[in-house]
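Chemist: From first to last, the protein sequence lines are chains R and E.
Each residue of the first sequence is one higher than the last, beginning at 85 in this note's numbering.
Each residue of the second sequence is one higher than the last, beginning at 914 in this note's numbering.
Derived by calculation from the structure, the hints in this document are not laboratory data.
Some hints here could point you the wrong way.
Claimed, not checked - Only part of the chain R face toward chain E is listed, based on derived beta-carbon distances under 8 Å: (1) Leu113; (2) Leu115; (3) Leu358; (4) Ser362; (5) Leu363.
Unchecked claim - Not close to chain R: a few residues of chain E, all C-beta gaps over 12 Å, as computed: (6) His930; (7) Asn961; (8) Cys967; (9) Ala972; (10) Ala973; (11) Arg990; (12) Glu994; (13) Ser1001; (14) Lys1048; (15) Lys1056; (16) Lys1065; (17) Val1077; (18) Met1083.
For every residue, glycine included, the Cβ atom is placed at its ideal position computed from N, Cα and C.
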Amino acid sequence: MLNILIIAGVLFIVLTIAAGLIFVERRLLGLWQDRYGPNRVGPFGLTQVVADMIKIFFKEDWVPPFSDKPVFVMAPAILIATILLTFAVVPFTSGFNVLDSNIAVLFFLGNSSLGVYSIVLGGWASNNKYSLLGAMRASAQMLTYEVFMGLSLMGVVMMADSFNLREIVEAQRHGWFIIPQFIGFVIFLIAGIAETHRLPFDIPEAEGELVAGYHSEYSGMKFGMFFVGEYMGVTLISALIALMFFGGWLGPTFLPPIVWFFLKTGVFICFFILLRASLPRPRYDQLMSVGWKILLPLALINILITGALLLYFK
Amino acid sequence: MFSILRSIWYTFLHAFHKRETILYPEEKPYLPPRYRGRIILSRDSDGNERCVACYLCAAACPVDCISLQAAEDENRRRYPEFFRINFSRCIFCGYCEEACPTYAIQLTSDFEMGEYYRQNMVYEKEHLLISGEGKYHGYNFYKVAGVDFGVKSKGEGTNEQPPVDVKSLMP
Chain R
85 MLNILIIAGV
95 LFIVLTIAAG
105 LIFVERRLLG
115 LWQDRYGPNR
125 VGPFGLTQVV
135 ADMIKIFFKE
145 DWVPPFSDKP
155 VFVMAPAILI
165 ATILLTFAVV
175 PFTSGFNVLD
185 SNIAVLFFLG
195 NSSLGVYSIV
205 LGGWASNNKY
215 SLLGAMRASA
225 QMLTYEVFMG
235 LSLMGVVMMA
245 DSFNLREIVE
255 AQRHGWFIIP
265 QFIGFVIFLI
275 AGIAETHRLP
285 FDIPEAEGEL
295 VAGYHSEYSG
305 MKFGMFFVGE
315 YMGVTLISAL
325 IALMFFGGWL
335 GPTFLPPIVW
345 FFLKTGVFIC
355 FFILLRASLP
365 RPRYDQLMSV
375 GWKILLPLAL
385 INILITGALL
395 LYFK
Chain E
914 MFSILRSIWY
924 TFLHAFHKRE
934 TILYPEEKPY
944 LPPRYRGRII
954 LSRDSDGNER
964 CVACYLCAAA
974 CPVDCISLQA
984 AEDENRRRYP
994 EFFRINFSRC
1004 IFCGYCEEAC
1014 PTYAIQLTSD
1024 FEMGEYYRQN
1034 MVYEKEHLLI
1044 SGEGKYHGYN
1054 FYKVAGVDFG
1064 VKSKGEGTNE
1074 QPPVDVKSLM
1084 P
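Excised from the complex, chain R in its bound form:
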């Protein structure tokens, strides 16, 4: 019974945050670009979310006749499913998680790799050259960044001696992992941005070049699922950064642990939005060469040094 409540709670929280981010992002972008953003509907424009939801639910859900229909319909669902599945292993506080898994980090990495299928299949099934180009870029980008996203976390895993996210957080009771694992943090952050294909790494979408990339042909709630999936991905990466490097729910006791967790997550969500407000999109080949030539060796060196130091002080 409690488990079902927790599942419902996690679903509710994640979906609410993802929907709320549509509004928050527009307001924050407005703030950083010296304008207001949506401020008309309701107090401070808060019910803009509701208006957007109603709009997107009632839009015509058009499946192009030239598309590969079953795959086209399935693709957005894969994205949502993989991200929601990953939230099953994310502990909000020490007791508040769906699944206390011993392989949580691996589960997250595996699921985020599965998320690529959504984009590749979506772009392929659209039967549109821009979609296919976007999907191709997405697959290359995600494969590249998947590699050292996993490697950047291995330092943390070695220090905590566990793949379990709860134990990783508990291991940070005497100091956050951001300090010993600063390189790992930076690499994970960059890989996380690329993984959620947010700006500045939104090369699969690249609306300046590829119309809307892999979801050019999507409309209505199918597009909405890609859209909400992106925000859920941002939430997921922010939550993981908070868990792995910033001590998760640990914090001074004047606030309950769950508030600390959401505060830390919120800071990183805002940072993602700040990145979008400030940085231009790099060229596709630049992104790949930075990934393979700089970040991958850095991640490997980070593992090497962490391992050597851990062995030395053991």
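Keeping the supplied structure of chain R fixed, place chain E upon it in accordance with the hints.
Modeler: Chain E in isolation, oriented as in the chain R frame:
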């Protein structure tokens, strides 16, 4: 690398800048008097219509949104029988105002003329003609130029020299 961090920081500092947006319906922007908005027809200081129905505005209009019909009153003074501007076509270029020899047609700084029905965008003369002089006060075309319609007699206009007596040798 440093420039990326610097641009992120500078963008963050914009959180403390003043917002540039003018919240329009509550807060109106300042529009200069020469703003090109809704078109009006003005009257001169005596309260007569300035328009002499010369068709120059209709000829100058690049989108052909002005139509009018000239007529003459009992003094044989020309005036427009009807004057119609289709604002759904008008591009507010101001060429009609430039073409007008009598300052009759003028663009004002009013732009709030949205309508639900396209037909309502067609303004007739009674909608266009205002009771005032618009931007150019104290100007009366017939006092400066033009033929005698009782406003001034020959040679008595502003900046006008009396007619030369061609039959006299004296300067």
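Chemist: Each hint: holds or not?
Modeler: Consistency of the hints with the structure:
| no. | hint | in the structure |
| --- | --- | --- |
| 1 | Leu113 | violated (10 Å) |
| 2 | Leu115 | holds (5 Å) |
| 3 | Leu358 | holds (6 Å) |
| 4 | Ser362 | holds (3 Å) |
| 5 | Leu363 | holds (7 Å) |
| 6 | His930 | violated (5 Å) |
| 7 | Asn961 | holds (47 Å) |
| 8 | Cys967 | holds (47 Å) |
| 9 | Ala972 | holds (43 Å) |
| 10 | Ala973 | holds (38 Å) |
| 11 | Arg990 | holds (52 Å) |
| 12 | Glu994 | holds (46 Å) |
| 13 | Ser1001 | holds (27 Å) |
| 14 | Lys1048 | holds (33 Å) |
| 15 | Lys1056 | holds (51 Å) |
| 16 | Lys1065 | holds (56 Å) |
| 17 | Val1077 | holds (66 Å) |
| 18 | Met1083 | holds (74 Å) |
Going down the numbered hints, you'll see the structure goes against 1 and 6, while the others check out.
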